[in-house]
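Visitor: Next come the chains, spelled out residue by residue.
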Amino acid sequence: MKESKNTGVYICSGCNIGDAIDTDKLQSIAIEYPSVKQCQVHPVLCSPEAYLKLNDEINEQQLDSLIIAGCSPRHAPDSLKFSEVHSESVNLREGVAWVMEAGHEDTQAAAEDYLRMGIARTAASGLPEPYIPDAPESDILVLGGGITGIHSALEGARAGYSVVLVEKEDKLGGRLNNMHDIIPASGSKQTNLKFFLEEKLEELDASTLITVHKNTSLESIEGEPGKFLAKLKNGKGASECKVGSVILANGWKPYDPAKLTNLGYTDHKNIITQVELETMQKEDRILRPSDGNVPSTIVFIQCAGSRDKDHLPYCSNVCCLTSLKQVSYIRQKYPESRIFIIYKDIRTPGKNEHIYREVQKDNHVFFTKGRVDRIEKLENDSLRMIVEDNLLGETISIRADLVVAATGMEPNQSDDLHLLYRKGEGLPDRKYGFPDSHFICFPYETQRTGIYAAGAVRTPQGIQACMEDAGGAVVKAIQCIESTKRGEAVHPRSGDKSYPDLYMQRCTDCKRCTEECPFGSYDETEKGTPLPNPARCRRCGICMGSCPERIINFDNYSIHAISSMIKSIPIPDEFEEKPRVLAFVCENDAYPAFDLAALHRHRISPWLRIIPVRCIGSINKIWLSDALSAGYDGILQIGCKPGEDYQCHFITGSELMKTRSENIQETLQTMMLEPERIETVFLEIDEYHRIPEIIDDYMETIEDIGPNPFKDM
Amino acid sequence: MIEISPDIAFIEKLQGATGSQLTTCMQCGACTASCSLSEDQDVFPRKQMIMAAWGMRDRLMADPHVWTCHQCGDCSVSCPRGVKPGEILAALRQEQIVHYSKPAFLARWMQKPAFFPAAILFPAAIIILILSLAGTFSIPEGPVDYSEFFSHAWLNGSFTALFVLSTIGAVIGLRRFTRNVFTQRTVQKTNPDKPDQGQSPQAPQPALRGILTVLGRIMSHRDFNSCDEQKSRSVTHFLVFWGFILLLFVTFFAILSTIFFEYPLSILNPIKIAGNLGAMMLLAGSSFMILNRLRKRDQSNYADWFFLLSFWLLTFSGMLVEGARFHEWSFAYHLYFFHLVMVWIIILYYPYTKFAHFLYRTVAMIITRSGRQAG
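So the protein lines, in turn, are chains S and Y. Be aware that the first sequence starts at 1, since it is given in this note's numbering, and climbs by one per residue. Be aware that the second sequence starts at 1, since it is given in this note's numbering, and climbs by one per residue.
This is chain S alone, in the form it adopts within the complex:
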């Protein structure tokens, strides 16, 4: 860390800041600090003149750190970012001027406090020195040679990266090899597979950047992004490859139809799955398994085990379309056949609706919503379907020669990665057992940095979507490689050069950091001492929040720096009846929500002091006791929504805070303090309108319980 000794403070008076706050007074406060070498007020700090001026002053005054007191750090212009100088923001615009009464003494006090906090933080922070692994690798490892893997390899190679493609079978193509045609079926002898498989395999063969390992299993992966070491094994022996990032594309498996006891899959010979029917079509023999006769009435059961809480609770996205495709096979082959489709809802996303409509036009195809209650065996191994909850309003029975169960897709095990990580060899399962970390905000990202899931292992999807996935995952893999080379965080704090630095002499091997890191950054020695892998780190600071010894710190975000901020401001004594509430606000969604509230000019209590944190999970307990000792009357911890539809950018931060809050409440009781002194709030970004109410309610609570007894001690 390059320490901050010569700080320049620049106060912007534009955007109503000058109207609401006495900026000259701020200037006189700043200049009193010994670390502050320079302090100036500027009417428009984001102007080109201001940039030139700052640039000159950094050189003339040998400034090593800057404090920009103006707008929210989220809005601070790029022109005020100087790569060689540590920089902090003091939020006078959204934090004070726009949300508090102009010219009021409390408003002025808030502005002065924020400036003091900024100066204190800067003094305890510095320009981070990045962690860059020795000779980082640029190759991409793709696990799985199906359509997603093939397309990932091609996309990687097209972007100029070398790709190692590992397939356990003797042939690339995965499940496409067992398919007759893709959706929509071409309807002619020349199926669409040519474009989706054969042409890609030709391009793959021609590429010099792609190395294909067939008949090969991945034995293990160790290391971190930029420095992964993958061990491969095939019939000829073991080999190793060094790669920068990994794409997991090991695909899916059909849901086990034997589990569908209401259909009696194991009891009846003439019930098959879509996968089996596809193979039959590929071999050109769609016949009854029991006697080899041509089936005249075929029933498709959609959602066989899908959207069913006892089996697969989700929709697999392609089964409806697959059935429609297979109907077209059968109708083409057997013009006299009759086909029934029993569905929960026909789901044909996007333009695929046209496929549904085309199949419907066939007078021999009958659709109904319904639920197959049971299947009865008739003579000659034919079957009778008893269908309830259909649209006729009474039980119907359909005699079938052949029944096709549309079973859903299950992801293959991510354990196939065989990660030599302390936190397990696979990826942590998220919703429904898929390893994706957040499908809206962070598609392809898994909970292991540098490893990206694509295709049906990420989420159930069809071939076209798998190819899109492949492209997206490759871009992510490249971003990871390039960011790691620069020593920057990949995501979501893209470009952050800081990383957790452990002062190992004081480590007690308590394993809190290794346990709580959502991303498996920490391995450990046999003794249990943590072994950090900074390139796996997402810089959330959850380990910093967890460490009871407070030995985990970032160059620009440390326990000491935040503690100094807390202690840097004067707390009015109780007789003034001006409580002080400290709010730790998550930078990801809650802090932007405060900015939005300011944009709407919502009024926020001037007795609140906000400290932005990287994640609500990064709040260390010492900050809470520091704040209470300093005399703050209450503490708010505001973070993203936890739970099933969590919005925590670091996945488990909010969950962790829920657990830690319980412990904190106990501590409060031992300190003879009211539990209301520390409150946790979960806020979604679009709930900015709730903020004034949340703050006011809390202020009332504090008023009710009275001042902090530690005040003035």
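Watch out, some of these pointers could steer you wrong.
Under 10 Å between C-beta atoms, here's a sample of chain Y residues computed to sit facing chain S [stated by the list, open to error]: (1) MET1; (2) ILE4; (3) GLU12; (4) THR23; (5) MET26; (6) LYS47; (7) ILE50; (8) ALA53; (9) VAL77; (10) SER78; (11) ARG81.
Not close to chain S: a few residues of chain Y, all C-beta gaps over 12 Å, as computed [claimed, not checked]: (12) PHE137; (13) TRP154; (14) ASP223; (15) GLN230; (16) VAL235; (17) ARG295; (18) LYS296; (19) LEU313.
The hints are simulated quantities; they were obtained by calculation from the structure and are not laboratory data. No experiment lies behind these values; they were computed from the predicted model shown. Note that the Cβ used here is the ideal one computed from N, Cα and C, for glycine as well.
Chain Y: place on chain S using the hints.
Guide: Frame of chain S; chain Y shown alone:
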């Protein structure tokens, strides 16, 4: 429980009759949602659409609900798949009439243009036969007096006989219809899975109140008026309906007059005035119906046109016949003969053309109402 065995020929027939790709119905229920006549218990016409798409002919033939529809077209406009449920229901109604009619050949005559000559020549030949028997099959001399051509006794006698005969046909058809409806209803209710519902093998006796309600609805055109899409249909039907009823009464009094009083009546006679008013209502209403069809606001097929045009020609020729009498037109008797043929066509074929809707719909409405009260 119902065994599903689709009648694909029936699906194709409905498609042919309506030009609707009815199997592309995705059972979304927009038709039911937009229908002002559908009630909670009926799921109408969505359910009929499923049965049609599944070729469930037997069920549909025994379904009185197809008569609930007054073909306003709201459903066809709101259908996202453009499968025109209103027209499917119209085709089903026509199909029911054909299905239940006895003798069946008369119903078939109404369906295809190939039988058009037979359908016209048959009544013409019978009238010629009757006139020949009466010995008056020639153009009389002197001022126009239609009774010279067709004596009132022969006219009243033969037309009453014809009306009785065709009404017997209508009653047979209706009886077959109601029987089938109640049999199916019993089958549906006797569900082994839900035994508590299978209790009424006998047809529920329609309550008098139910009948009166239905007649009230018909006379006021309340169901027609609830339509959004084609308000004008209600007006035209109202004119035709009340014009026709007026003329029925007038005809009744005219027959009485021919027997007990003087005939023809004076132009200022209230009965005569009512007759002329009725004829004008009928002519106006049916002319608008024809115009609406020509403007393609209403879909129609041969059977529909046959009925509507013969009705219009009946009215128009009747008015000409009256005019011919006052103005002593030389071709008055030719017009009169033509008019008589049209009268025969209407009376002879009424249980087999779209005209039968007044019977089937009334009975079906009573059945569905009473079923609802019983249920």
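Visitor: Would you mind marking each hint as holding or not holding in the structure?
Guide: Okay, the hints, checked on the actual structure:
At about 4 Å, the closest approach between the beta carbon of Y/MET1 and any beta carbon in chain S falls short of 10 Å, and the interface hint on this residue holds. A least Cβ separation of about 5 Å between Y/ILE4 and chain S falls short of the 10 Å threshold, and the interface hint therefore holds. Below 10 Å, beta-carbon pairs count as interface contacts, and Y/GLU12 has one with chain S at about 6 Å; its hint therefore holds. Among the interface hints, the one on Y/THR23 holds; its C-beta lies about 5 Å from the nearest C-beta in chain S, closer than the 10 Å criterion.
Taken as an interface hint, Y/MET26 checks out: its beta carbon lies about 7 Å from the nearest beta carbon of chain S, inside 10 Å. Of the supplied interface hints, the one on Y/LYS47 holds, with its beta-carbon coming within about 7 Å of a beta-carbon of chain S, less than 10 Å. The beta carbon of Y/ILE50 is positioned within 10 Å of a beta carbon in chain S (closest approach about 5 Å), and the interface hint is therefore held. Taking 10 Å as the C-beta contact cut-off toward chain S, the hint placing Y/ALA53 at the interface holds, the least distance being around 7 Å.
Below 10 Å, beta-carbon pairs count as interface contacts, and Y/VAL77 has none with chain S, the closest being about 19 Å; its hint is therefore violated. Hint on Y/SER78 is violated. Least Cβ distance to chain S is approximately 17 Å, over the 10 Å limit. The criterion of a C-beta within 10 Å of any C-beta in chain S is met by Y/ARG81, whose closest approach is roughly 7 Å, and the hint holds. Under the 12 Å C-beta cut-off, the non-interface status given to Y/PHE137 relative to chain S holds; the minimum distance is some 53 Å.
Every beta carbon of chain S lies more than 12 Å from that of Y/TRP154, the smallest distance being close to 54 Å; the non-interface claim holds. Distance to chain S confirms Y/ASP223 as a non-interface residue, since its nearest Cβ pair spans about 23 Å, more than 12 Å. With a least beta-carbon separation of about 27 Å from chain S, Y/GLN230 lies farther than 12 Å from that chain, consistent with its non-interface assignment. Here Y/VAL235 stays apart from chain S, with its beta-carbon at least about 36 Å from theirs, past the 12 Å limit.
Non-interface call for Y/ARG295 relative to chain S: holds, since the shortest CB-CB distance, roughly 29 Å, exceeds 12 Å. Under the 12 Å C-beta cut-off, the non-interface status given to Y/LYS296 relative to chain S holds; the minimum distance is some 24 Å. Against the 12 Å criterion, Y/LEU313 stays outside the reach of chain S, whose nearest CB is about 38 Å from its own CB.
Hints 9, 10 from the earlier list are contradicted by this structure; the remaining hints agree with it.
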